[in-house]
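*Asks:* Numbering-wise, numbering that gives the first Met the number 0 puts 114 at position 115 of the sequence shown, and it's gapless, one number per residue.
Careful, some of the hints might be misleading.
To be verified - No farther apart than 20 Å at their CA atoms in a straight line, the calculated lysine to any residue pairs in the SDA-like style are these:
{"hint": "1", "residue 1": "236", "residue 2": "44"}
{"hint": "2", "residue 1": "271", "residue 2": "166"}
{"hint": "3", "residue 1": "236", "residue 2": "106"}
{"hint": "4", "residue 1": "141", "residue 2": "194"}
{"hint": "5", "residue 1": "141", "residue 2": "198"}
{"hint": "6", "residue 1": "271", "residue 2": "232"}
{"hint": "7", "residue 1": "271", "residue 2": "105"}
{"hint": "8", "residue 1": "141", "residue 2": "174"}
{"hint": "9", "residue 1": "141", "residue 2": "226"}
{"hint": "10", "residue 1": "205", "residue 2": "106"}
{"hint": "11", "residue 1": "236", "residue 2": "169"}
{"hint": "12", "residue 1": "236", "residue 2": "167"}
{"hint": "13", "residue 1": "141", "residue 2": "253"}
{"hint": "14", "residue 1": "236", "residue 2": "145"}
{"hint": "15", "residue 1": "198", "residue 2": "145"}
{"hint": "16", "residue 1": "141", "residue 2": "50"}
{"hint": "17", "residue 1": "198", "residue 2": "127"}
{"hint": "18", "residue 1": "141", "residue 2": "248"}
{"hint": "19", "residue 1": "271", "residue 2": "257"}
{"hint": "20", "residue 1": "271", "residue 2": "145"}
{"hint": "21", "residue 1": "141", "residue 2": "110"}
{"hint": "22", "residue 1": "141", "residue 2": "130"}
{"hint": "23", "residue 1": "236", "residue 2": "188"}
{"hint": "24", "residue 1": "271", "residue 2": "261"}
{"hint": "25", "residue 1": "205", "residue 2": "195"}
{"hint": "26", "residue 1": "205", "residue 2": "110"}
{"hint": "27", "residue 1": "141", "residue 2": "106"}
{"hint": "28", "residue 1": "198", "residue 2": "106"}
{"hint": "29", "residue 1": "271", "residue 2": "236"}
{"hint": "30", "residue 1": "236", "residue 2": "226"}
{"hint": "31", "residue 1": "236", "residue 2": "166"}
{"hint": "32", "residue 1": "198", "residue 2": "108"}
{"hint": "33", "residue 1": "198", "residue 2": "246"}
{"hint": "34", "residue 1": "271", "residue 2": "108"}
{"hint": "35", "residue 1": "198", "residue 2": "174"}
Treat the hints as calculated values from the structure; they're not laboratory data.
Computed from a prediction, not measured in an experiment: that's the story for all the values here.
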Amino acid sequence: MSKSSKRANFKNISTLAIGLFSAGTLLVIAASIFFLFTFINTHNLDDLSVQSENTSSILMSPYMKNGTKIESIPTSRKVIYPGAELPFRQWADPRGTIDLAEASTLEGFTPISSSGLPFFSGDSSQAVRMMIPSLEIDVPVKNLAILNLGDSLEYETPDNTVGHIPGTANPGSMGNGWYFGHLESPLRGEGNVFARLPKIPELIAKGEEVLVVIESNTDKYLYTIVETEVLPAEEFKIFESADSRITLVTCQPRGTYDHRLLVTGMLIGFRKLTEPI
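Work out the full structure, taking the sequences as your base and the hints as a guide.
*Replies:* Encoded structure:
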């Protein structure tokens, strides 16, 4: 082999070695950045589990423990003004400055007390729309279909909507209504309707009230967020309740999506739509 050929081979090997070294260095840097990103996001997960200061006055069964309907309770035992127990702006006596856009969205609701006034039988219509004014969320809601995968069944993923789990409570009904939405969906492109949901723990930790409006074809229902919780994905389970509540669910943290953020809201008001949708 001539000297020129040896020099050419050496140059090619050197170029290849430099290329491999550079690629390896970039991979190490990328892995380090991803590890740091994941560590920071996972380290802060505990901050997402928060309980509202108003929880004690709201987390009560909205009907009598023995199942008695409100209509059969003697007048002397009824709550004459149920809104007095509820934190939503203290209803008639606002406790602070109200955002005008939010106020127009929430106008006209009738308060519901912890004793269950009025009583809902559980046959309300399914949800078609969800609004969270403080997060500027206003998105459609649809029941998720069940997909047959051959050897198993699973719910479809919500595509640019909030997905309601069929069989769980409809808005205004007794029980726990479960609603799922994407934090982000970079691969499937199914939207990020719950991208702002992780802001709720910070808001209620500051003492702010976070309200959710769920609309059916005939009514609007007002919920106040009372607590948030983060669970590993493998520990997450759908559960029922004896009161009227909703649970909003999205993935956490960004990058790994191996936890679930659960946001719980209790029913505090309702409003009839003037014209059914």
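*Asks:* Would you check the hint for residue 198 and residue 127, treating anything up to 20 Å between C-alpha atoms as holding?
*Replies:* Cα-Cα ~24 Å, so violated.
*Asks:* Below or equal to 20 Å on CA atoms is what counts here, so check residue 205 against residue 195.
*Replies:* holds, 16 Å
*Asks:* Please work out if residue 141 and residue 198 have their alpha carbons no farther apart than 20 Å.
*Replies:* Distance of about 24 Å is beyond 20 Å: violated.
*Asks:* Could you grab the alpha-carbon distance between residue 236 and residue 226 and see if it respects the 20 Å cut-off?
*Replies:* holds, 17 Å
*Asks:* Do the alpha carbons of residue 236 and residue 169 lie within 20 Å of each other, as the hint requires?
*Replies:* holds, 19 Å
*Asks:* Just to be careful, I want the Cα atoms of residue 236 and residue 145 compared with a cutoff of 20 Å; is the pair within it?
*Replies:* holds, 17 Å
*Asks:* Residue 141 and residue 130: Cα distance at most 20 Å?
*Replies:* Satisfied, since the Cα-Cα distance of roughly 14 Å is no more than 20 Å.
*Asks:* Would the hint linking residue 198 and residue 174 be met if the CA-CA limit is 20 Å?
*Replies:* violated, 26 Å
*Asks:* Regarding the pair residue 236 and residue 167, is the alpha-carbon distance no greater than 20 Å?
*Replies:* holds, 13 Å
*Asks:* Compare the distance between the alpha carbons of residue 141 and residue 253 with 20 Å, and conclude whether the hinted pair is satisfied.
*Replies:* violated, 25 Å
*Asks:* Does the alpha-carbon distance linking residue 271 and residue 236 stay inside the 20 Å limit?
*Replies:* violated, 33 Å
*Asks:* Regarding the pair residue 236 and residue 44, is the alpha-carbon distance no greater than 20 Å?
*Replies:* This hinted pair holds, its Cα atoms lying about 18 Å apart.
When the structure is compared with the earlier hints, violations turn up for hints 2, 3, 5, 6, 9, 10, 13, 15, 16, 17, 19, 20, 21, 23, 24, 26, 27, 28, 29, 32 and 35 and for no others.
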